[in-house]
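Chemist: Here is what each chain is made of, one letter per residue.
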Amino acid sequence: MASPSTHTAHHAPQGFIRKYVFSLDHKVIGIQYYFLGLFSVFLGMSLSLLMRFHMVNPNAVVKWFAVLWPAAASGGIMTPELYLSLMTMHGTIMVFFVLTTVPQGGFGNYFLPLQIGAEDMAFPVLNMMSFWTTFLALVVMVAAFFVQGGAPISGWTAYPPLSGAGPLTGPGEGMGQNLWILSIAIFCGASLMGAINFIATTVDLRCKGMTLMRMPLTCWTWLVTAILGLLGFAVLLAAGVLLLLDRTVGTSFFLPGGLFINDHIIANHKGGSPLLWQHLFWFFGHPEVYIAILPGMGVTSQLLSTFSRKPVFGYKAMVYAILSIGFLGFLVWGHHMFMSGMNPYSAMAFSVLTMCIGVPSAIKTFNWIGTLWGGKIHFDTAMLFALGFVSLFVTGGVSGIFLGQPALDLYFHDTYFVVGHFHMIMGVAAIFGMFAGTFYWFPKMFGKMMNEPLGKIHFYCTFIGVYCIFTPMHYVGLMGNPRRYSDFSNVLYLVKAMPLHQFMTYAAFFTATVQLIFLFNLFWSMWKGPKAPANPWNATTLEWTVPSPPPFDNFGGVHPVVYRGAYEYSVPGAPTDFIMQTEPPAVGAGD
Amino acid sequence: MSMSASLTHDIIQGPPPPIDTGWGGGGDNSEGRGADRRAYFTGLFVGLAACTMVFAALTSAFVVRRGLSDMNDWVSIGKPSVLFWNTGILLLSSFLLDRSRRALKAGERSQFTLWWTAATALGILFLVGQAYAWYQLRQAGIFISTNPASSFFYVFTAAHAAHVLGGVSALVYVDVQALRLRLGPAKRTGIDVTAVFWHFLDGLWLYLMVLFYVWG
Chain A
1 MASPSTHTAH HAPQGFIRKY VFSLDHKVIG IQYYFLGLFS VFLGMSLSLL
51 MRFHMVNPNA VVKWFAVLWP AAASGGIMTP ELYLSLMTMH GTIMVFFVLT
101 TVPQGGFGNY FLPLQIGAED MAFPVLNMMS FWTTFLALVV MVAAFFVQGG
151 APISGWTAYP PLSGAGPLTG PGEGMGQNLW ILSIAIFCGA SLMGAINFIA
201 TTVDLRCKGM TLMRMPLTCW TWLVTAILGL LGFAVLLAAG VLLLLDRTVG
251 TSFFLPGGLF INDHIIANHK GGSPLLWQHL FWFFGHPEVY IAILPGMGVT
301 SQLLSTFSRK PVFGYKAMVY AILSIGFLGF LVWGHHMFMS GMNPYSAMAF
351 SVLTMCIGVP SAIKTFNWIG TLWGGKIHFD TAMLFALGFV SLFVTGGVSG
401 IFLGQPALDL YFHDTYFVVG HFHMIMGVAA IFGMFAGTFY WFPKMFGKMM
451 NEPLGKIHFY CTFIGVYCIF TPMHYVGLMG NPRRYSDFSN VLYLVKAMPL
501 HQFMTYAAFF TATVQLIFLF NLFWSMWKGP KAPANPWNAT TLEWTVPSPP
551 PFDNFGGVHP VVYRGAYEYS VPGAPTDFIM QTEPPAVGAG D
Chain B
592 MSMSASLTHD IIQGPPPPID TGWGGGGDNS EGRGADRRAY FTGLFVGLAA
642 CTMVFAALTS AFVVRRGLSD MNDWVSIGKP SVLFWNTGIL LLSSFLLDRS
692 RRALKAGERS QFTLWWTAAT ALGILFLVGQ AYAWYQLRQA GIFISTNPAS
742 SFFYVFTAAH AAHVLGGVSA LVYVDVQALR LRLGPAKRTG IDVTAVFWHF
792 LDGLWLYLMV LFYVWG
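One line per chain: the protein sequences are A and B, in this order. So the first sequence is numbered by the numbering used here: it starts at 1 and just counts up by one. So the second sequence is numbered by the numbering used here: it starts at 592 and just counts up by one.
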């Protein structure tokens with residue numbers, strides 16, 4: 001039987017800059033990513049509140065609008081172009097700097113090495129560069145608000161010709177759009193660096209005994225997410241460079257000839273294909289959906305098992321489902337383009353492949369329910385958010401079945417049905433995964449416990465709030481309510497939708513307000529929360545074998561050895577209802 | 592073997608690399624903080640996969656854009672002859688890198704440094720040649736926006752040159768370490784990783800040449 005070996009413990013650097021700013025420690029970098037995401041989520045959420053306010057009060061005069069945007073909201077009334085720029089920045093900031101950043105860069109960075117028994121990521125310097133490059137990307141993105149013309153208006157998908165033809169197409173399409181593309185290109189570089197680190201770490205730095213099939217499911221999801229990021233962001237980077245060249249040096253990759261924009265003939269472009277951009281973008285864009293949601297699935301699996309004191313039901317099936325979702329995710333990009341006039345046979349192929357993703361998704365959902373079945377469920381806040389994730393994932397997934405069919409998508413595509421769908425499954429489900437991760441791992445990260453009553457109030461308000469925001473969107477979508485319009489208050493057939501829009505706006509403001517409870521809980525607990533023990537949840541994985549917070553080199557100079565799987569709960573005959581992964585088998589029981 | 596000879600031999604060659612146990616049986620992270628040799632190679636190959644995806648995306652754009660050129664806007668450009676010289680230079684530099692690594696294996700440190708420096712110089716010469724190719728095109732009035740064929744030529748060659756610049760930086764770094772006699776086991780990993788990356792750039796260049804001359 002192997003026993004843990006020891007070596008000299010490494011000590012943290014003492015200077016403030018090297019310890020907290022340009023740190024090489026994966027834990028500090030994870031926290032840096034987390035707070036970058038926290039800033040971004042509040043920024044993105046503020047933009048969405050402005051949009052919702054405008055939708056139901058399109059003619060409202062707000063003095064500070066004029067202060068913030070002297071040109072785009074002169075006189076205090078928001079112009080449609082300003083609305084579109086808010087929409088673009090909301091989508092971009094949420095997708096790239098929240099959904100991509102926190103689950104992988106934040107929790108993944110902090111807990112992957114801990115869960116596989118490594119002292120750090122494989123390439124600490126690359127890890128630090130990855131974070132600071134992401135930070136630079138965010139700075140460049142936010143800078144788009146402050147340049148002449150403001151932020152771009154072409155949406156987070158930046159479809160040309162709107163995004164490619166320059167300032168003629170709108171106020172944000174000058175320097176704002178250039179900065180947007182530059183920021184995304186920088187972000188791609190950062191994500192590629194991160195992906196290389198995650199894959200090398202998982203493949204090569206697992207401790208003795210940590211076979212692939214003993215890894216926590218969180219590690220599996222971080223690994224597959226890294227592979228998706230590696231292949232997807234490389235393509236987006238190439239596409240972004242081509243788009244920037246179309247805009248700046250007059251090439252025609254995506255811009256066709258004969259464009260007539262705002263009374264001007266565009267004469268210096270011809271022969272390009274806007275559809276080419278759509279293909280390249282969605283080849284990245286669909287895997288991006290799984291980049292956002294897979295880590296949430298991993299956290300949910302981990303928490304459902306821990307808090308129902310049962311092993312994950314069908315661990316191997318869960319692993320194969322994660323791999324299948326990752327693989328199939330690269331074959332379905334065309335379902336975002338049913339409206340592009342593609343060959344119906346292509347659409348059918350993409351549709352069938354899309355339906356196929358329902359199979360591993362259903363396996364996961366079934367196994368989550370199987371994990372809960374007959375368990376001794378502890379309804380801690382972390383668990384509530386994990387349960388909320390399952391609920392939102394199912395709700396959002398079901399509407400995906402509708403949208404995956406070309407005939408139905410023809411009707412739904414440009415309506416609020418789609419907005420409701422992707423916010424449920426990609427937005428709030430993933431955010432619930434982050435909340436679950438926060439409540440679960442906060443004790444390990446900061447050495448303090450979060451406040452449970454506040455956490456529960458926050459959960460119930462948020463859970464009800466997000467359903468109140470996004471469920472009615474499906475209804476107004478069915479009514480044919482178009483998305484991306486800044487004002488439909490005077491559209492006759494949508495008059496009956498306005499009360500629902502008002503309800504959604506109230507719900508959005510309510511939900512945003514209760515997030516202040518979370519913020520308070522987070523920072524108050526960080527300073528004043530009760531001290532956390534090493535293993536407050538009686539969990540089995542390696543991060544709970546070390547003090548809270550862990551020492552600089554994670555395992556205090558000991559190389560852990562793993563003897564068993566990640567979810568040994570309620571094992572018959574065991575003295576406790578959990579067995580740590582580092583617990584050697586009983587003498588005589590074999591290895 | 593005398594003690595000093597053995598010591599020199601160890602400094603140059605280092606201990607044998609750790610035995611690769613594959614990635615199914617659990618890792619052996621006994622080297623402490625950071626990566627071991629195997630992780631560097633994993634990182635390298637994963638990085639090469641990302642580079643491949645960048646060029647695969649550009650190639651798919653190339654194929655689609657060329658197929659769309661029904662308005663005769665795709666006009667093949669005359670390629671500068673310096674590209675053939677550059678191909679030879681790149682292949683020769685790769686050959687010299689391997690010659691250099693063989694010398695290191697045999698314990699001939701001065702030979703290693705000599706060949707490595709020569710390969711590095713050829714790498715820099717390739718970049719100079721690439722810049723000259725762009726200059727020739729400019730002189731001929733062929734710019735990036737002239738037509739889609741020229742656009743893709745500039746994009747592909749610039750993307751490749753950016754990677755070569757990264758490769759040359761790594762070559763120079765290893766060379767400086769070699770000249771300062773700082774080679775050891777860890778630096779040998781750097782040598783091998785750099786060499787594999789450089790060979791990848793060779794293969795990529797040959798692929799681009801076929802693309803330019805057959806379809807470009």
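FYI, nobody ran anything at the bench for these hints, they're computed from the structure. Bear in mind that the values here come from a model prediction, so they are computed numbers and not experimental data. Just so you know, even glycine gets a beta-carbon here, dropped at the ideal spot from N, CA and C. Where hints are given, some of them may not hold.
Claimed, not checked - Chain B side only, calculated, beta carbon under 10 angstroms to chain A, not exhaustive: (1) Arg656; (2) Ala697; (3) Ser701; (4) Ser741.
Chemist: Next step is simple, just say for each hint if it's right about the structure.
Modeler: Hints versus structure:
no., hint, verdict
1, Arg656, "6 angstroms, holds"
2, Ala697, "29 angstroms, violated"
3, Ser701, "31 angstroms, violated"
4, Ser741, "9 angstroms, holds"
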